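S.K.: Chain residues, written in single-letter form:
There are 2 protein chains.
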Amino acid sequence: MTDLSKARILLDPNEVPKEWVNILPDLPTPMTPLINPMNGKPAPFEMAAAIFPKECVIQEVSQEPTIPIPKELREIYAKTYRPTPLHRALSLERELGLKGDKIKIFYKNESISPTGSHKPNTAIAQAYFAKMDGINELVTETGAGQWGSGLSYGCSVFGIKCTVYMVRISFQQKPGRKILMRSFNADVHASPSRFTEAGKSYYDKDPEHPGSLGIAISEAVEHSLRSDQIRYSLGSVVNFVCLHQTVIGQESQIQLKKAGIEAPDIVIGCMGGGSNFSGLMIPYARDKIRGITPDIKIIGVEPTACPSVCKGKYTWDYGDTAKKAPIVKMHTLGHNFIPSPIHAGGLRYHGIAPIVSNLYNNKIIEASMHHQLDVIKAGFLFAKAEGVLPAPETDHAIKEAIDQALLAKENDEEKVILFNFSGHGFFDLLAYKEYMTGNLENYELPDEKIQESLNDPDMPQIDESSF
Amino acid sequence: MTDLSKARILLDPNEVPKEWVNILPDLPTPMTPLINPMNGKPAPFEMAAAIFPKECVIQEVSQEPTIPIPKELREIYAKTYRPTPLHRALSLERELGLKGDKIKIFYKNESISPTGSHKPNTAIAQAYFAKMDGINELVTETGAGQWGSGLSYGCSVFGIKCTVYMVRISFQQKPGRKILMRSFNADVHASPSRFTEAGKSYYDKDPEHPGSLGIAISEAVEHSLRSDQIRYSLGSVVNFVCLHQTVIGQESQIQLKKAGIEAPDIVIGCMGGGSNFSGLMIPYARDKIRGITPDIKIIGVEPTACPSVCKGKYTWDYGDTAKKAPIVKMHTLGHNFIPSPIHAGGLRYHGIAPIVSNLYNNKIIEASMHHQLDVIKAGFLFAKAEGVLPAPETDHAIKEAIDQALLAKENDEEKVILFNFSGHGFFDLLAYKEYMTGNLENYELPDEKIQESLNDPDMPQIDESSF
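Going line by line, the protein sequences match chains C and A. Residue 417 in this note's numbering sits at position 417 of the first sequence; the count goes up by one each step and never skips. Residue 858 in this note's numbering sits at position 391 of the second sequence; the count goes up by one each step and never skips.
What the hints contain is simulated information worked out from the structure, not anything from laboratory work. Computed from a prediction, not measured in an experiment: that's the story for all the values here. It cannot be assumed that every hint is accurate.
Said to hold, decoys possible - No farther apart than 30 angstroms at their CA atoms in a straight line, the calculated lysine-lysine pairs in the DSSO-like style are these:
#1 K377/C <-> K628/A
#2 K323/C <-> K311/C
#3 K900/A <-> K433/C
#4 K566/A <-> K384/C
#5 K131/C <-> K566/A
#6 K566/A <-> K71/C
Given these sequences and hints, build the entire structure.
M.R.: Structure below.
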């Protein structure tokens with residue numbers, strides 16, 4: 001390759017997108033509302049605005065096809081890390097024996113953000129909108145810590161206090177993320193904590209209780225309701241978070257054009273709550289719906305241990321196990337489903353973003369799933385070829401991209417494959433260690449376990465005819 | 468700031484420098500040779516070429532003002548991470564109360580490389596030249612692991628085997644770096660090991676011996692002499708390593724011009740062996756020597772716990788405690804000097820690059836030193852302002868940049884300050900944790916301890932008149 005600008009495609013900071021892409025008005029079927037878990041009725045604006053920053057609540061239901069990104073926010077993106085590079089995975093292609101230029105693999109590198117993943121894209125936005133509302137504290141929960149560190153960083157940018165309830169078992173096992181959050185000035189509490197009623201009931205019985213995401217959400221929501229000056233913050237699932245992530249896909253479209261490619265054939269992202277996948281694919285999904293690129297294949301990738309889309313049901317469910325968060329219509333395994341402890345902690349969510357669910361249900365996007373051993377092996381191959389160690393979550397997208405490339409090779413087809421490199425694995429090295437020492441295992445998931453969870457009488461019953 | 472391209476200045480991958488800047492022919496006084504530790508005489512070419520790749524040995528003594536970067540190497544740089552961004556530290560400036568545009572702080576961000584520091588710049592080059600020689604294995608030692616991971620990555624790019632002897636205490640305390648190296652396919656041995664004679668003598672007595680860099684060097688050198696197909700690799704100190712790093716400074720010159728700045732007033736880097744500092748400052752030092760920018764201030768920053776330049780002596784000394792590496796003329800604290808266990812492990816070297824020593828002795832560059840608590844505090848401030856957590860080594864450059872900015876503010880002077888952000892601190896979080904919990908300490912270094920080390924009868928006696 002003599003034109004090196006086609007091997008790693010950079011954009012000028014002035015090219016940070018000026019707007020977010022809102023897929024809602026283009027969805028083939030209308031979006032279902034957020035439901036108040038207290039009464040089973042659509043949550044009124046005021047209720048949502050007591051939880052989230054106002055502008056985010058407006059974005060959550062906006063029917064505008066694009067929403068402007070405030071200038072101050074674009075400046076933060078630009079001076080810190082955006083636009084992120086788009087790489088042609090030339091070494092990986094060679095490793096896979098792809099000859100010539102028939103099959104091209106590109107990846108969008110979100111790992112160069114301050115906390116090493118796509119999370120700051122929405123964290124900075126939420127902190128900015130909170131600041132605009134005069135809010136002085138954001139509170140959230142975190143499992144492995146990617147989201148907690150993203151929000152800690154976002155809040156530090158705008159001088160807002162950040163409080164994070166971190167599942168105790170992760171708090172103890174992942175000290176790195178905890179220190180990173182604290183270095184951004186966040187208050188990080190092991191959950192269950194003694195600082196909330198929700199936590200105290202567990203803490204008093206067992207101060208070493210390992211905790212769960214459900215308990216941590218309950219603590220964060222309770223904490224956020226303490227004062228008018230505090231809001232709760234979410235790192236995935238809801239529409240406005242997916243919206244904020246669309247900078248990823250938009251940039252990739254400009255970058256591919258710079259590489260002489262009108263549109264990719266296959267777009268791939270891993271799915272936990274669905275935000276990084278949405279961020280990459282929404283601009284492509286819109287073009288597909290509008291008939292501009294009707295044949296584009298868009299694939300969300302899940303762990304076999306937690307296949308919300310591949311094996312779940314499209315139904316109403318609580319967003320959290322504690323039943324404090326709004327009820328949404330989504331592909332879900334049931335809010336009481338507890339996935340096996342795979343290393344891709346960010347993909348251990350029982351549901352998926354309503355936007356992703358809607359698009360899947362309308363056959364605009366597809367889903368696939370892979371076993372832990374296969375994805376870590378793929379990530380390992382990628383690291384050796386491309387030199388960047390991926391997060392275990394990202395490994396899912398890599399595995400699918402490799403499979404698609406090899407399939408195209410077998411069929412002797414021309415394909416441009418694009419995937420989202422959602423984060424690096426510098427804080428998740430244990431997965432690779434276990435792989436290298438032969439201690440990594442797959443988790444089989446019997447269908448009965450999913451059925452049992454979905455048939456739980458605890459699932460919400462929502463009467464759609466009432467709204 | 469409305470022109471965002473001046474807040475984070477990017478270059479196109481095609482703008483990766485085409486040549487390295489060789490300072491040797493411009494040095495005010497001639498460079499002293501490498502001395503064979505066996506007989507005290509200048510090491511002949513053949514001897515050096517039995518240790519290092521041939522091209523590197525040629526570069527070590529070349530009098531050409533520039534040396535072309537091979538095309539294949541430029542492609543690797545370009546498709547992976549180079550040119551690296553140059554950031555204007557706008558948030559840090561605001562944090563320091565710098566108003567208007569009178570004082571500008573820029574930093575060159577080497578942390579986005581595959582292993583998070585500047586080390587791959589020379590690692591990739593050495594692996595490439597080794598491959599050209601038909602060498603199939605490079606072996607090195609590493610302390611904290613930055614260099615070991617850099618070389619592991621470089622070797623994986625060219626399919627060369629990499630063997631790393633890692634000081635056992637770090638091997639145990641920094642499992643992250645070890646896993647990263649292994650993910651790039653390197654063989655990593657805790658040193659002292661049972662695989663070399665040098666290691667075995669310690670290992671047999673105590674299999675849990677904590678090790679030292681000196682023993683690890685001995686093991687690596689012994690290992691490298693086992694076969695014609697193996698070479699030893701160094702990550703700092705020698706001329707050719709400093710040469711490879713000059714991509715940093717050259718890129719920054721182009722980037723500053725894009726920001727409308729002809730030349731900075733102050734150039735800053737931290738110094739351990741001296742390679743990241745050399746990489747940034749050599750192009751500026753050359754312009755200073757040539758009278759193009761006679762007033763530019765160039766400052767290398769050391770830890771107070773290991774002040775080779777600030778308090779050491781310019782004399783002949785062994786490059787390593789084991790006295791296996793060549794003897795060089797440099798600023799040194801004596802090869803038997805053992806610095807306190809500061810977190811900036813990469814700055815715990817008893818000497819400094821002969822190039823840096825020569826420039827300092829000729830008053831082209833200056834040196835300063837700072838205490839551990841002050842530098843970590845500065846890094847902490849930087850992280851909160853700019854969102855990137857620095858390596859403890861890098862904190863030294865940050866501390867000096869802040870001090871220089873505040874001095875200029877006090878004197879109401881216009882200044883452009885440039886420093887090298889040599890690496891991120893994702894693998895060094897313990898330093899920040901100790902700072903936050905009040906457990907970080909300074910290490911006083913009594914002058915007598917340095918004198919004692921320099922007066923050690925073990926120091927080499929070299930007769931300069933004999934060559």
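S.K.: Take the hints in turn and mark each one as holding or not.
M.R.: Hint-by-hint comparison with the structure:
For the hint linking K377/C to K628/A, the alpha-carbon distance of about 20 angstroms falls within 30 angstroms, and the restraint holds. With a CA separation close to 22 angstroms, the supplied pair K323/C and K311/C stays within the 30 angstroms bound. This hinted pair checks out: K900/A and K433/C have alpha carbons roughly 24 angstroms apart, not beyond 30 angstroms. Straight-line distance between C-alpha atoms of K566/A and K384/C comes to about 46 angstroms, which puts the hinted pair past the 30 angstroms bound.
With a C-alpha separation of about 23 angstroms, the suggested pairing of K131/C with K566/A holds against the 30 angstroms cut-off. Using a Cα cut-off of 30 angstroms, the hinted pair K566/A and K71/C holds, with the two alpha carbons roughly 21 angstroms apart.
In the structure shown, a violation is registered for the earlier hint numbered 4 alone.
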